[in-house]
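Please assemble the complex out of the two chains, which come individually in their own frames, going by the hints.
Quick mapping for you: the protein sequence lines, in order, are chains A and B. Its first residue numbered 0, the first sequence is counted upward by one per residue in numbering that gives the first Met the number 0. Its first residue numbered 0, the second sequence is counted upward by one per residue in numbering that gives the first Met the number 0.
Okay, derived cross-link-like pairs now, DMTMM-like style, lysine to aspartate or glutamate, Cα gap no bigger than 25 Å in a straight line:
#1 Lys280(B) <-> Asp354(A)
#2 Lys396(A) <-> Glu273(B)
#3 Lys292(B) <-> Glu414(A)
#4 Lys200(B) <-> Asp366(A)
#5 Lys292(B) <-> Glu445(A)
#6 Lys143(B) <-> Asp354(A)
#7 Lys280(B) <-> Asp377(A)
#8 Lys292(B) <-> Asp349(A)
#9 Lys363(A) <-> Glu141(B)
#10 Lys369(A) <-> Glu141(B)
#11 Lys271(B) <-> Asp377(A)
#12 Lys143(B) <-> Asp366(A)
#13 Lys292(B) <-> Asp377(A)
#14 Lys271(B) <-> Glu466(A)
#15 Lys312(A) <-> Glu141(B)
#16 Lys312(A) <-> Asp139(B)
#17 Lys437(A) <-> Glu273(B)
#18 Lys269(B) <-> Glu401(A)
#19 Lys145(B) <-> Asp354(A)
#20 Lys353(A) <-> Glu141(B)
#21 Lys271(B) <-> Glu401(A)
#22 Lys269(B) <-> Glu466(A)
#23 Lys280(B) <-> Glu401(A)
#24 Lys217(A) <-> Glu147(A)
#25 Lys436(A) <-> Glu273(B)
#26 Lys145(B) <-> Asp366(A)
Honestly, the hints are just simulated from the structure, not real lab data.
Here is how the chains run, residue by residue.
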Amino acid sequence: MDIGSVVYLKKVFVKNSKENIIEVINLEVELENSSREKILKKICFDIKNKSITALVGKSGSGKSLTALSILGLIKYIDGLNVRGSISFEGIEKNILEMDDKELKDYRGNIASMIFQDPFTSFDPSKSCGEQIIEVLEFNRVSATENAENFILNLFTELGIERRLFFYYPYMLSGGQLQKISILATLVSNPRLIVADEPTTNLDAISKKEVLDFLLKVKNKYGISILYISHDLEAVRYISDEIVLLEAGKIKGSYKKNVFFEQPNVQNEKLVSKRESQSDKSIIKSGNERKLLEVKNLTKTFLSRGKKIFSQNKLFRVLDKVSFEVMRGDVFGIIGESGSGKSTIARSILDLIPKDSGSVIFMGKSLDFAKANNYFYNDVQVVFQNPLSSLNPSLNVKSLLVEAIVANKRVNNSIESVNSKLKWLLSVVDLSKDVLSKKSRQLSGGEGQRVSIARALAVSPRLIVLDESISSLDKKMQYKILQLLLKLKNELNLTYIFITHDLEISRYFCNRILILQKGRVVEQGSVESVFVRPKHEYTKRLLNSILVSDS
Amino acid sequence: MIRIKYISLFIFVFIGIFADFIANDKPLICKNKEGYTFPVFSDKYRVNQDNKCEIILNPIIHYSNNSIDKLNAGSISPFGEQNLAEKQQRHYLGTDLLGRDVLAGLIHGTTIALKIGFSSMFLALILGLMMSLYPSYFGDFEFKAKLSSLLITIILLFFTVYFLYYKTAIISILTTGGYNFIFIPALFLGIIIALWFTLSKINIFTRQILIPLDSMFSTVIKLFQSLPGTFVVLILISLFTKPSIYNIIIVIAILKWPIIARYVRAEMLKIKQERFIEATKALGYSNNYIIWKHALPHVLNSTIVALAFGFAGTILLESTLSFLGIGIPADHVSWGSLLSEARHDFTAWWLAIFPGMAIFITILTFNSIGNHIRSKIN
Numbered sequence: 000m001d002i003g004s005v006v007y008l009k010k011v012f013v014k015n016s017k018e019n020i021i022e023v024i025n026l027e028v029e030l031e032n033s034s035r036e037k038i039l040k041k042i043c044f045d046i047k048n049k050s051i052t053a054l055v056g057k058s059g060s061g062k063s064l065t066a067l068s069i070l071g072l073i074k075y076i077d078g079l080n081v082r083g084s085i086s087f088e089g090i091e092k093n094i095l096e097m098d099d100k101e102l103k104d105y106r107g108n109i110a111s112m113i114f115q116d117p118f119t120s121f122d123p124s125k126s127c128g129e130q131i132i133e134v135l136e137f138n139r140v141s142a143t144e145n146a147e148n149f150i151l152n153l154f155t156e157l158g159i160e161r162r163l164f165f166y167y168p169y170m171l172s173g174g175q176l177q178k179i180s181i182l183a184t185l186v187s188n189p190r191l192i193v194a195d196e197p198t199t200n201l202d203a204i205s206k207k208e209v210l211d212f213l214l215k216v217k218n219k220y221g222i223s224i225l226y227i228s229h230d231l232e233a234v235r236y237i238s239d240e241i242v243l244l245e246a247g248k249i250k251g252s253y254k255k256n257v258f259f260e261q262p263n264v265q266n267e268k269l270v271s272k273r274e275s276q277s278d279k280s281i282i283k284s285g286n287e288r289k290l291l292e293v294k295n296l297t298k299t300f301l302s303r304g305k306k307i308f309s310q311n312k313l314f315r316v317l318d319k320v321s322f323e324v325m326r327g328d329v330f331g332i333i334g335e336s337g338s339g340k341s342t343i344a345r346s347i348l349d350l351i352p353k354d355s356g357s358v359i360f361m362g363k364s365l366d367f368a369k370a371n372n373y374f375y376n377d378v379q380v381v382f383q384n385p386l387s388s389l390n391p392s393l394n395v396k397s398l399l400v401e402a403i404v405a406n407k408r409v410n411n412s413i414e415s416v417n418s419k420l421k422w423l424l425s426v427v428d429l430s431k432d433v434l435s436k437k438s439r440q441l442s443g444g445e446g447q448r449v450s451i452a453r454a455l456a457v458s459p460r461l462i463v464l465d466e467s468i469s470s471l472d473k474k475m476q477y478k479i480l481q482l483l484l485k486l487k488n489e490l491n492l493t494y495i496f497i498t499h500d501l502e503i504s505r506y507f508c509n510r511i512l513i514l515q516k517g518r519v520v521e522q523g524s525v526e527s528v529f530v531r532p533k534h535e536y537t538k539r540l541l542n543s544i545l546v547s548d549s
Numbered sequence: 000m001i002r003i004k005y006i007s008l009f010i011f012v013f014i015g016i017f018a019d020f021i022a023n024d025k026p027l028i029c030k031n032k033e034g035y036t037f038p039v040f041s042d043k044y045r046v047n048q049d050n051k052c053e054i055i056l057n058p059i060i061h062y063s064n065n066s067i068d069k070l071n072a073g074s075i076s077p078f079g080e081q082n083l084a085e086k087q088q089r090h091y092l093g094t095d096l097l098g099r100d101v102l103a104g105l106i107h108g109t110t111i112a113l114k115i116g117f118s119s120m121f122l123a124l125i126l127g128l129m130m131s132l133y134p135s136y137f138g139d140f141e142f143k144a145k146l147s148s149l150l151i152t153i154i155l156l157f158f159t160v161y162f163l164y165y166k167t168a169i170i171s172i173l174t175t176g177g178y179n180f181i182f183i184p185a186l187f188l189g190i191i192i193a194l195w196f197t198l199s200k201i202n203i204f205t206r207q208i209l210i211p212l213d214s215m216f217s218t219v220i221k222l223f224q225s226l227p228g229t230f231v232v233l234i235l236i237s238l239f240t241k242p243s244i245y246n247i248i249i250v251i252a253i254l255k256w257p258i259i260a261r262y263v264r265a266e267m268l269k270i271k272q273e274r275f276i277e278a279t280k281a282l283g284y285s286n287n288y289i290i291w292k293h294a295l296p297h298v299l300n301s302t303i304v305a306l307a308f309g310f311a312g313t314i315l316l317e318s319t320l321s322f323l324g325i326g327i328p329a330d331h332v333s334w335g336s337l338l339s340e341a342r343h344d345f346t347a348w349w350l351a352i353f354p355g356m357a358i359f360i361t362i363l364t365f366n367s368i369g370n371h372i373r374s375k376i377n
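Chain B with its partners taken away, still in its complex shape (with noise of 0.2 Å):
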């Protein structure tokens, strides 16, 4: 059984990674005057038109995510008659309404759960690790720090969040003319500098102040876990004018990131209470020295198991959005918007089923790969 999933893995990254060689309406090596040429890396190559190659090597699927194919237009079911000029051109899973084979969408979705459950998680996971390693680390009672500092860090978080609101003003600064974009951030850095250095000199803003880094940061989190996930998602994405997959992995990272942040943080406040750690501190190493080389590891160790649920319930939204119509772009394809193609059509059960199986065994795959990795750890 341990087996089955790890197979089951390697075959979804495996299809993931090479989806472009194994479905697609551009053959794989071609043969012509000057030589071999490889039409799958060109986007010259067109398909219908007289091209003046041999063609060598086909692969096993011949039609494109959005290849249509007008002779088997109008949902043809997988064992109904199709309209074929070669055998192998066959539609083993069937088309949808518009003609496109469905194996072919099956295996381009795959490249976009992969991409999308990959980069969100790894963006969950460093959005996660910024927001509470450093915190729980420190706890509420050890982190003490300057009051001018303090000041100065005020200042420029509120103007980054001033600026970043009114994008308009970097522009105009930036766009005003002359040397002015260099003039003015210069001038912003010398005010900040002399502050800095005013503030330093002054008694009273060079007392300790103790930050309770841990409450701060912890409040963050539970206040982004008690969102409602899906409306925010639908908020988030209807801030963006162009849909495309990097705002889906943005969102996304926005959901999933408390999740990692809370393995995190619970694993932190477990490491920090270790010997090991009062002894390495007890050589004179610095704080910094021991997070990264004593505590991280030991955190991402367990981090994993959260990376493996999170990677599932990733794909699962992803999928959601796209049956709604307002996940990835409508020249991708993914499982969500195949499924989405069985809503036209009751009796297309192929249209369902398939995109359905993908997403299921998926999510099965890495919840129990999650479940096993946690049997490990503990």
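So that you can see chain A by itself, here it is in the shape it has in the complex (with noise of 0.2 Å):
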């Protein structure tokens, strides 16, 4: 069933369609106060029909200023100078000179929008069906009578499932609302979405489910995607062109297979083939004596009931998790958000109390092991966010001197920390003058040394690194794990690596362990694991990494 034959407004298609649906040509944004900084310098670029254009760029590269103007929606923003012109296939005026009344006419039924965060897109008070309604009803598509089985009839057809019609937003998953933030695009019928990082919130799973629905939705209807993103390897899955946008200016229009074949975008790939089996190698030398066992961890938080007289409920984070990590392991623990990483990881530390399970760090109990103030000395971690794991208000020196006065070993005198520090800087590759900065001052790759720097300066056995190299870019990440592989071979640390990063992961660890829901889905090598999944959600995950086909 084609949308356009239920419904109404059948546009009038120009029959030899060109090959772009979407011109820009020199386009150009300045801000109008006195400094007239240009954020785009006449850019030009097309998208093609019935394709998927990628807009790629770093963040303040002015995608999203370019995406904006192609839907008409820079004239509302205030203080901006807007050149050029752009044309859309079988519109004869150019959309930036477009008034009000033609605009607001585009937008409902030729071009529409996907934002990031689809939480903020949709009301909260009102279900999923309704506002798919609504939309229909403002763009005067069809009667209302036939609105509610036409939106069904659309739900079934592009494959989700039709209770969430009837669901409120809080009630899905990230994923599942922006698939239905895209189908809600679709009702009135656009030739073209722009979709504005679309996939940076969601995890690995629902991210290539979206990917997917894009396609899907792509090759159904030919409608033309113009997709903004900074993640790569989205991008190498799902577009036909590449756009690429450096500082308000385009750096150049690729194929998919001419762009991905470039030297320095092979450079920013984190996992070459040849590099993660020689560093393998090393890492495997591990020594087989049992350094930390987990066993039986559980652990449950209270959840306050959401209604006025709703009672509380257990919410059970950890159930019954045994494992062990041996010396000298990279020991990654995965799981999508929510399924109790960190709750590990803290209760490792007993940061929190935990509920029942028992924690064994070098045959000794945690109680035990604890009593003798050794502990903090020999376990460690490493937390996601160098932000909100400094202390704003500390600088780094004095930070970094508070965890080597905290070794309990040695005696501190003051050459001692002054020598340590120095050694601390270098083993991170930090220069001296970090040391008068405050954490809000530090760049995300300084700010994460740093954070290793305070982890070290104990001299630890055992480093927990709660997604530590999460929220790096990618350049950032492979340099930070090389610091990490260096340093646990100097120093035989052993790390027990928390992500949800697949691929990382992969390079990274020896022994990997799955966790669901607070379960433990499957534990073994990395080999095993990869090559040979045997759990249904293990194999699911797997999928989800995106491999295109090309």
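And the structure:
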């Protein structure tokens, strides 16, 4: 069923459709204030008909402004001078020069947009279905009686469960809601969808689902999609054409294959196969003695009832989790957000009380190990975001000195503290002028290096890396991973590496554990899990790694 | 605009501190045979007595807050005719019924406002921190104590309240004569220490018990906040036999600490979720260290806002009390007591307008400073 046949308003399709649906010519945006800073500098590019064009660039390169100008929304932003022209196939007028009424028609029926966070673009007090019907009514598309049936048909057609129609936005996951927001744009029968970072906030599995959904939409209805992202993996998976934007300038537009064969793009990729092979051999030489043993770890949280009179419920975050970490291991704990990964980390460090189960460190149970005061010198943690894990009101020096003094094994004289400080800086490749800075003044990579230095200050045996590199960009991730590997070999460290990123864990870990909703689904060596996954969930997780067919 | 409020804060503090040098009936510097003297600092100097010294420097205003000018008694208007020996001795803002200078009263009232404002807010801050810093850090599920120490604490608390309530009991112990004043407290202490030792040996009493500190203390805070303020003040003040500034300070602090405590609690609940608290804990540092070194600076940072607003409220409350005549003792003067003079004579507008303006400007200043700090922090 073609939605065009059900929906009234058939647009006058130009029969000999040109190749390009959108042509952006010399688009220029500058600030209206005295600085006259140019945000977009004479941009020219095309969006091909019935294809997915990806607009790639770092944050601040002008991606979103480009998207807004294509939709004509840039008119409503104050303080900007816009020049140039954007022409849509079949429309005579320049989009940038349209008046309000024409723009409303244009956005309602020809082009629409999907935003990054679906939870903010939906009204939480109405069900999903109602809101889609609203879109339909707004565009005067069809009679309201059939609207519900029509949308339900669309649900089945695109393979979304029909019951989601009656659900409220908060009941759905990010991925499901993003799919519904894509569907909501479809009811007005657009010819172009602008998707502004639609998968950035999603976990691996739902990201794959949303990308597949977009592909399906494109293939089924022949809609062109402008996909804006900085995620090269997703771009590689979905797009046909790639436009690279850097600091307001077009660096070039490429076919997909051409783009990913460029040498500088290759560098940014984390896993180049040769390297991962050689590094693994080093990791493998782990000593077979147990360092840490976790037995039947269970933790429940009290979740408050959402309604006024509903009772509090116990919510089980960890359900009998057991694993062992050997000396010299890099032990990966993998799971989606909310699966209890961080709770494991904090239970190991005894930062939160556990309900039952035991953690045995170097043959002693945790209470016993803590009693001799050296426990926190043996086990350390590096958290995800350096901004929040470093006290913003203290400078780096006092943070590091605080950590060095915490080492109870050695006597801390002023000289020894100073020499240790120097050693720490040299070990994590930081220069001396970092010492006087506060955490807000550090870049992400520097901040994470300071966090690592703080963990190393007490000369630990085990470091728990709780999503330590997730908030960094790919290049920095690679550098930090190299640093961690180097440190591991020099200082005989053991890592517990908590992540949601499968590729990194494949590269970095030698044994992994996969966690789903607080239960251990599968654990074993990296090869056995990645090559021969036994559990259904593991297979799904592995499928979500974006491997493009070409 | 930002500058104006800080300038007026500076003027307020300056006048408050140097009131004695600005408005006084004693000269600042005198010269006699022995050399220079400073009568401002001495109580012996009397006005209108034949002093043998030569006045070198007089204060700007020639009157103190309670110096009575009999010639100009009966509410003389600032613009009216005044009986003056010298031109400089003019009552710029008029006089009240007894002939006291209004301007001198305002200047000395600033000192009282400053004193009461700062010290009662300081007391309220300490009380608020005591009642909320530790409870909010530990929350409901993290503070565990041995049953034995819990019992001892309860017994001690009971005795404290008992002896405070029956003041005479303490006095009778201490005044029975002989060495009783050493012997009886020592016996008491001994009993408690013995109790402690025996209890900590018995298995049942060494059990760890979870104490919901946060719920307990926040209930107390809520309880204090739901008391009707003015009513409580009237009752508390009637408990004191003699009026004094310190009573007022204590009463206001008792009334104001729950606001501070709630601010501290809210801020602590936010701060303790931060990762850097956990990271410090993971370095092996104690909770005490974390609270004082890492949490308290952040907590105090945002409590300053509450202090600024509380300061304004304090001044208003003190004025209200003084206006009702139950505030500060009669030999002091505050803006509120000046205002109450206006009740005797409705035509004397200067008795109402000037103290009213002083109160108004000060409160406006502190409220806008509070707003400014709040917008800076967020």
